[in-house]
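K.L.:
Here is how the chains run, residue by residue.
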Amino acid sequence: MTKDTDRYKNSIKLFKRAAKVIPQGIYGHLTPVIVAPLASPYYVEKTKGCKYWDVDGNEYIDYMCSYGPMVLGYNHPEVDKAAEEQKKKADICNHPGEIMVELAEHINKLIPIADWVVFGKNGADMTNHSLMIARHHTKRKKIIMAKGAYHGTAPWASGPGHAGVIDEDVQNLVFVTWGDLNEFNEAVEKYKGEIAGTILTPYHHPTWANQVMPPKGYWQGVRKTCDEEGIILILDDIRAGFRLNLQGSHELFGFKPDISCYCKAIANGYALSAMVGTEKMRISASSVFYTGSYWLSAVPMAASLATLKILKRDNVVEKIKKMGELLKAGLEEMAQAHDLEVEVTGPPATQFMTFKDRGDFRNSQLFSVEAIKRGVFFHPHHNWFVSAAHERADIEKSINVADEAFKEVRRVFGPSE
Amino acid sequence: MSENLVKARLFLYAILPLFEEIAKKDKDAKKIVKGLKGIIQFSAPDDLAAQVEFVDDGIVVTPGKEKKSSISLVFISHKVVSNMLAKKGFGMPLPVKGLLKLGLTNKFEKIADILDRYMNEKNPKGEARDLIATLLLYAAVMGAAQVGQADESMADIAKKVPDGIAHVEIKDGAKGGPSVYVVKKGKDFKAVKGRPDDYNVYLGFKNFEIAYAMFTNQLDMMAAVALGDIELSGSLAFVEQLAILMEKAGEYLE
Chain X
-17 MTKDTDRYKN SIKLFKRAAK VIPQGIYGHL TPVIVAPLAS PYYVEKTKGC
33 KYWDVDGNEY IDYMCSYGPM VLGYNHPEVD KAAEEQKKKA DICNHPGEIM
83 VELAEHINKL IPIADWVVFG KNGADMTNHS LMIARHHTKR KKIIMAKGAY
133 HGTAPWASGP GHAGVIDEDV QNLVFVTWGD LNEFNEAVEK YKGEIAGTIL
183 TPYHHPTWAN QVMPPKGYWQ GVRKTCDEEG IILILDDIRA GFRLNLQGSH
233 ELFGFKPDIS CYCKAIANGY ALSAMVGTEK MRISASSVFY TGSYWLSAVP
283 MAASLATLKI LKRDNVVEKI KKMGELLKAG LEEMAQAHDL EVEVTGPPAT
333 QFMTFKDRGD FRNSQLFSVE AIKRGVFFHP HHNWFVSAAH ERADIEKSIN
383 VADEAFKEVR RVFGPSE
Chain W
5 MSENLVKARL FLYAILPLFE EIAKKDKDAK KIVKGLKGII QFSAPDDLAA
55 QVEFVDDGIV VTPGKEKKSS ISLVFISHKV VSNMLAKKGF GMPLPVKGLL
105 KLGLTNKFEK IADILDRYMN EKNPKGEARD LIATLLLYAA VMGAAQVGQA
155 DESMADIAKK VPDGIAHVEI KDGAKGGPSV YVVKKGKDFK AVKGRPDDYN
205 VYLGFKNFEI AYAMFTNQLD MMAAVALGDI ELSGSLAFVE QLAILMEKAG
255 EYLE
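Sequence lines, in order, name chains X and W. The letter at position 204 of the first sequence is residue 186 when you use the working numbering, and the numbering goes up by one with no holes. Each number in the working numbering comes from the position in the second sequence (counting from 1) with 4 added on.
I should point out that these hints are in silico values taken from the structure, not numbers from a laboratory. The beta carbon of each residue, even a glycine, is placed where N, CA and C say it ideally should be. One or more of the hints may lead you astray.
Stated by the list, open to error - Using 30 angstroms as the maximum straight-line C-alpha spacing, the simulated DSSO-like pairs for lysine-lysine come out as follows: (1) X:Lys291 with X:Lys304; (2) W:Lys179 with W:Lys191; (3) X:Lys2 with W:Lys126; (4) W:Lys175 with X:Lys(-15); (5) X:Lys262 with X:Lys301; (6) W:Lys194 with X:Lys2; (7) X:Lys198 with X:Lys301; (8) W:Lys163 with X:Lys338; (9) X:Lys172 with W:Lys191; (10) X:Lys172 with W:Lys34; (11) X:Lys338 with W:Lys129; (12) X:Lys198 with X:Lys172; (13) X:Lys129 with W:Lys163; (14) W:Lys31 with X:Lys(-5); (15) W:Lys31 with X:Lys2; (16) W:Lys210 with X:Lys(-15); (17) X:Lys338 with W:Lys31; (18) X:Lys(-9) with W:Lys175; (19) W:Lys189 with X:Lys129; (20) W:Lys175 with X:Lys(-2); (21) W:Lys210 with X:Lys355; (22) X:Lys(-15) with W:Lys179; (23) W:Lys191 with W:Lys129; (24) W:Lys126 with X:Lys(-2); (25) X:Lys70 with X:Lys30; (26) X:Lys129 with W:Lys179; (27) X:Lys(-2) with W:Lys72; (28) W:Lys31 with W:Lys191; (29) W:Lys164 with X:Lys172; (30) W:Lys164 with X:Lys(-2); (31) X:Lys(-5) with W:Lys83; (32) W:Lys114 with W:Lys71; (33) W:Lys163 with X:Lys198; (34) W:Lys164 with X:Lys(-9); (35) X:Lys301 with X:Lys121.
Unchecked claim - To be clear about the criterion: a stretch of chain X counts as covered by chain W if any three or more of its residues have a C-beta under 8 angstroms from a C-beta of chain W, and this derived list gives those stretches: (36) 148 to 154; (37) 232 to 243.
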């Protein structure tokens, strides 16, 4: 396996200190274990636009965008100004600020299905909360979810077998194949009258696998079944939200959920999440007590309001789509030039590239290491994100770097079979 | 019952192979096996079988019934094997063949006692620690394959393991240390001592000290990977599920 301990020496030095006082050193999704141990940066020094610099001074064009939150560019002056103005007044206190009402009104106008909104900090705050609302509303227990889907790391969302998860945490979950309407309907039939809700992503973005777009009629079929059986349709739009369609990713796919959860791109990196719902769900939402110390802090809400306005003003969704399409086309062309077959799946704004043969990500891991070494951060196992700060020149540079990375992959693993 | 079946498989295919290492590395065991010749055939219901061959001043363990045995020991049920592992109830099974070769089983039991001593040793040092790390490596990985193959309670985990080969080893300088790999194909898991020609996931422990710490739950594994004390590459989906199977094997063997 490739190691580059000179290039990342400050990262590694800092990590050695961390490992003595923090379990895992760096835990959760930012662990270097799932990127490239000893061959990728571990710590950031500074950020700007679509780039960041690690603690060794290495510069990167960023295709993770902090795993989604950065959508306009790091340190966006208008977003930061809105946050600073709010900070001068109040952030956290015994009460929320006026900004909470302004943001709630703005979101309710922006997203057609939204008759109400609640706020939190992380996406998982909202997915957890949504399950409680669905269960309270229906007085049922079971939740249908997709195999391989990610909805956070609460015990129910982590799934059976994970450390700290007991049988009781997952006994009311029913797993189905995302995109398979027949399987969904069979599950509903098998547990008729017992399903409180179903939580699904607008398109499938599982861990360690290609992304899958909804088959024709899938969402319309799910909606119909939910209506007939009294099941609450919860959309987890945390990863894709505000990148595919400002009014909600469901608008792109032609259906309406009962509840939709947002986080990541909602405030360009300030810590905020939100859940919107239809009038039907309002009283149940108001009945469930769920909160957190920092949930109603004002500064991230000010940042969010600014972010949402800029997203619309600058037609960011369209720009991200265009830049994403350029990237995808360039990667496919470069791969082909080296007799390598790649699959770039998912929407252009949140695409994910895998190599067609092997299936074990060894070639993806090498590709990422070589690209990261040359200043482009492509994650080997997780979908990528494009932002409004990625300009054509950044995309072109990234494609050129990908060319060199593909050359290395071809050298080590040979052409695709 | 699935648990007894799993324990029977663990005994035959994850514990018995450890006798090879004891015979190679422990000086008392070397004396016991020196010049010894013969084959003990272990069998249990559902075609479970393994041979322990005393040959070339050592022990070779092979699954199945390949060669003609000197003495044949039959477990009448998986529960009997399970009890033996837990040291409950009736001990070694009655021989159905080779009554005159009972001396072989006496030698086998002496090696088993040596193995037992190593597996219960606390704070080992030097060569003892290295041998224990080796035994734990093989028991964990070969045990994981048996759990994946037969444990109904782990069926959902086993299903998530992608087809492919996982190579796990303890690096020991240029000469290479103990090495084992798991082949998963369809519903089947198979563990083999040695190095595969290719692999889909690789887990390499920097040295015996790291491996011992890992297998005795004294190592922050994620930090170790990030620091390079454990080398990890390839299918993280495979290793994620394999780790769960290894942990379950460890629970059975405690």
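K.L.:
Does the alpha-carbon distance linking Lys198 of chain X and Lys301 of chain X stay inside the 30 angstroms limit?
P.N.:
holds (26 angstroms)
K.L.:
Between Lys262 of chain X and Lys301 of chain X, does the CA-CA distance stay at or below 30 angstroms?
P.N.:
violated (35 angstroms)
K.L.:
Hey, Lys175 of chain W versus Lys(-2) of chain X, does the alpha-carbon distance stay inside 30 angstroms?
P.N.:
holds (22 angstroms)
K.L.:
Does Lys(-15) of chain X pair with Lys179 of chain W here, judged by a C-alpha cut-off of 30 angstroms?
P.N.:
holds (22 angstroms)
K.L.:
For the pair supplied as a hint, Lys31 of chain W and Lys2 of chain X, is the alpha-carbon distance within the 30 angstroms limit?
P.N.:
violated (39 angstroms)
K.L.:
Take the C-alpha atoms of Lys114 of chain W and Lys71 of chain W, compute the straight-line distance between them, and say whether it is at most 30 angstroms.
P.N.:
Roughly 23 angstroms separates the two Cα atoms, so the pair holds.
K.L.:
Next pair to validate is Lys172 of chain X with Lys34 of chain W; report whether the Cα-Cα distance is within 30 angstroms.
P.N.:
Answer violated: Lys172 of chain X to Lys34 of chain W is near 61 angstroms, above 30 angstroms.
K.L.:
Is Lys210 of chain W within 30 angstroms of Lys(-15) of chain X, Cα to Cα?
P.N.:
The given pair, whose Cα atoms are some 14 angstroms apart, holds under the 30 angstroms limit.
K.L.:
For the pair we were handed, Lys(-2) of chain X and Lys72 of chain W, check the Cα-Cα distance against 30 angstroms.
P.N.:
Cα-Cα ~56 angstroms, so violated.
K.L.:
Given the hint that Lys164 of chain W pairs with Lys(-2) of chain X, does the C-alpha gap stay at or below 30 angstroms?
P.N.:
Outside the cut-off at roughly 33 angstroms; violated.
K.L.:
So if I understand the rule, the pair passes when the alpha-carbon distance is 30 angstroms or less; does Lys126 of chain W with Lys(-2) of chain X pass?
P.N.:
holds (28 angstroms)
K.L.:
Assess, step by step, whether the Cα of Lys163 of chain W is no farther than 30 angstroms from the Cα of Lys338 of chain X, and give holds or violated.
P.N.:
holds (22 angstroms)
Hint compliance for this structure: hints 2, 5, 6, 10, 11, 14, 15, 17, 23, 26, 27, 28, 30, 31, 34, 35, 36, 37 are not met, and every other hint is.
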